[in-house]
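Chemist: Protein chains in written order, with my numbering: chain A, 3 to 354; chain B, 3 to 354.
The hints are simulated quantities; they were obtained by calculation from the structure and are not laboratory data. Mixed in with the good hints, there may be bad ones.
So the derived label-pair ranges between C-beta atoms look like this [unchecked claim]:
#1 Ser218(A) x Gln22(B): 26 to 32 Å
#2 Gly52(B) x Gln285(A): 41 to 47 Å
#3 Lys29(B) x Asp71(A): 37 to 43 Å
PhoX-like mimics (lysine-lysine), calculated; alpha carbons at most 25 Å apart, straight line [claimed, not checked]:
#4 Lys78(A) x Lys158(B)
#5 Lys54(A) x Lys13(A)
#6 Lys29(B) x Lys158(A)
#7 Lys223(B) x Lys333(B)
#8 Lys13(A) x Lys69(A)
#9 Lys158(A) x Lys78(B)
#10 Lys223(A) x Lys29(B)
#11 Lys32(B) x Lys189(A)
#12 Lys30(A) x Lys158(B)
#13 Lys250(A) x Lys46(A)
#14 Lys353(B) x Lys319(B)
#15 Lys312(B) x Lys323(B)
#16 Lys189(A) x Lys30(B)
Virtual Cβ for every residue (Gly too), placed ideally from N, Cα, C.
Residue-level listing of the chains:
2 protein chains.
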Amino acid sequence: MQAKTLLSEYKAKIEPLLEQFFNDKIKKAKAIDPSSVEMIELLKEFTLRGGKRIRAALIYYGYRSFKDDNEEEILKASMSIELAHAFLLIHDDIIDQDALRRSGPTIHTSYQNIFKSTKDPKHYGISFAILAGDILYAFANEILTSLNLPEKNKIKAIQIFNHIIHQVLYGESLDILSSIKTNFTSKDLEQVHYLKTATYTIEGPLHIGATLAGASQHHLKDLSKYAIPLGKAFQLQDDILGLFGEEKVLGKPIGSDLREGKKTLLIINALETASPSDQKTIQSILGNQDLTEDQIDKVREIVTKTGSLKISQDLVKQLGKEAKASISNTKLHDRGCEFLLGIADYLAERKY
Amino acid sequence: MQAKTLLSEYKAKIEPLLEQFFNDKIKKAKAIDPSSVEMIELLKEFTLRGGKRIRAALIYYGYRSFKDDNEEEILKASMSIELAHAFLLIHDDIIDQDALRRSGPTIHTSYQNIFKSTKDPKHYGISFAILAGDILYAFANEILTSLNLPEKNKIKAIQIFNHIIHQVLYGESLDILSSIKTNFTSKDLEQVHYLKTATYTIEGPLHIGATLAGASQHHLKDLSKYAIPLGKAFQLQDDILGLFGEEKVLGKPIGSDLREGKKTLLIINALETASPSDQKTIQSILGNQDLTEDQIDKVREIVTKTGSLKISQDLVKQLGKEAKASISNTKLHDRGCEFLLGIADYLAERKY
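Using the sequences and the accompanying hints, generate a full structural model.
Modeler: Structure below.
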């Protein structure tokens, strides 16, 4: 079966569970007060609005790579990373001052609207969004503690879970710096990718799932050899889509990285070989808050003609191959293995 | 021995451990990049700058109420709530737009200074402070997972830990609302107190410590009877100090609650019995961003002459007594019991 089909199957199972989870929390929040209910309603809509659920699927299939049992508990476990991801996105959106996420308003924008008649809607928007994000992180940890799985495995999984969150937060802060620092190098960028994607998006979730199944340190190391190149490929594809994708399909504004002045590999490589005048053009566009469609087109043109786009595209393919090769000799249960091999192809071809 | 002495003894043990903890994290952050090191340095200074360490001491003595062993592990465990508390304060300070905390700059203010030559220092200040807070929460969870204590107890403790964080976050959001809603009642206020202090400051830490020692559900219930009234007393005393305390001793601005328009019990009771003109005076001062010393004095005068101050002071004493009475028949180990009885007196008399 194709990875895309396996991912769809997984999504069809996890979405109702997420909905159920939030409905339970809403019921409990009713005992507190209406504003708490409102917060969870917003978080529910935000979390269910979209998302590929790749991280959650990797927890699920990470477990399935070693064990075939416990369907209910492992599905529940996999929700934790979706909640944590929503938490990170909510805080990220405040930081990036983005109004749109997954084709809908960001949480601080929703709250800004709720408090539009107060004296400082913007500040209230940020304030409630900070707390709403925090609460999702608490929920995510609570879910992991409540699993009906061996305590030893759970503790280890919670440790990995919080470790990757702290790593991705370092990555986030480096990422903000990339828009401030003038001398941000491709080595700095690799560090951001490693922290934000390789460990957080691919390796971490896989390790959490495998750990819950009782996998050994040795097995985790094998999974890392698969996860690290795949994580890099995922991030590079993200950068490509962020510049060349379609806003409607992607669910977020094209050119955000440019607007925030972020130096993706596409930009770094283009700057290295572009003509002096093209270099100047890119530099003048980077960090421009009032980016126009024409300017985005201009950057696309330079990134394409310098060969920078091709370099990133080729790298995505090469890293995907590297990932697949790494598990060809590893003994994994069928359903897990099938997904891991398939997803490596899928991630490089994805359009959103 | 007096509770104050026991608290000092505990502080002398925990502060070097916190320092050691942050030094380890700084060492690890060096492998990432200088900005991550800078973040941990700021968090270290902020966490070590002050604080009563009451929550952490309650984890410690909660354990000591049932067991006398494992000094090292239970001290380590108790650090978790100090890190979580710093996380909550950092986010709280962004929300309250406070520049001062524990007699030093708040984290968003420190970052604002670091980025003062960029185009938007205020936004960068908030952004990095959000992430810095988040990272402390991750650290707190990591500490709990790494304890050398029975896994069953650890899992339960992590569950309580994250549950009280999510409760306090609900309390926080209600607290912001109190400055927006015009019809904020004393019942709403009680809810805020319950969420923000009773469960989070007293009951939660006690339960975490007791759970790590393997205490039964029955024992936890007994501790709740002590914790809930004490938590209320603690919050009321906090409100009194926030209006009548000394800024130098307290380490934060006097009158913050007034400035933020928060309706403490002191204000609610004063409004109920004050003359119409005094009521008007309070209403005009509540939420005033440019609060003067004279205005604070005026509110103090009204709160005193209406008897509202006395009501709160008496309530603090009564709740302290209630707490002590509740554990007089409970069988607790000596060191834990001594602390719990003593701290109930101490909290009502504290000056900061």
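Chemist: Could you tell me which of the hints above the structure violates, numbers in ascending order?
Modeler: Every hint satisfied by this model.
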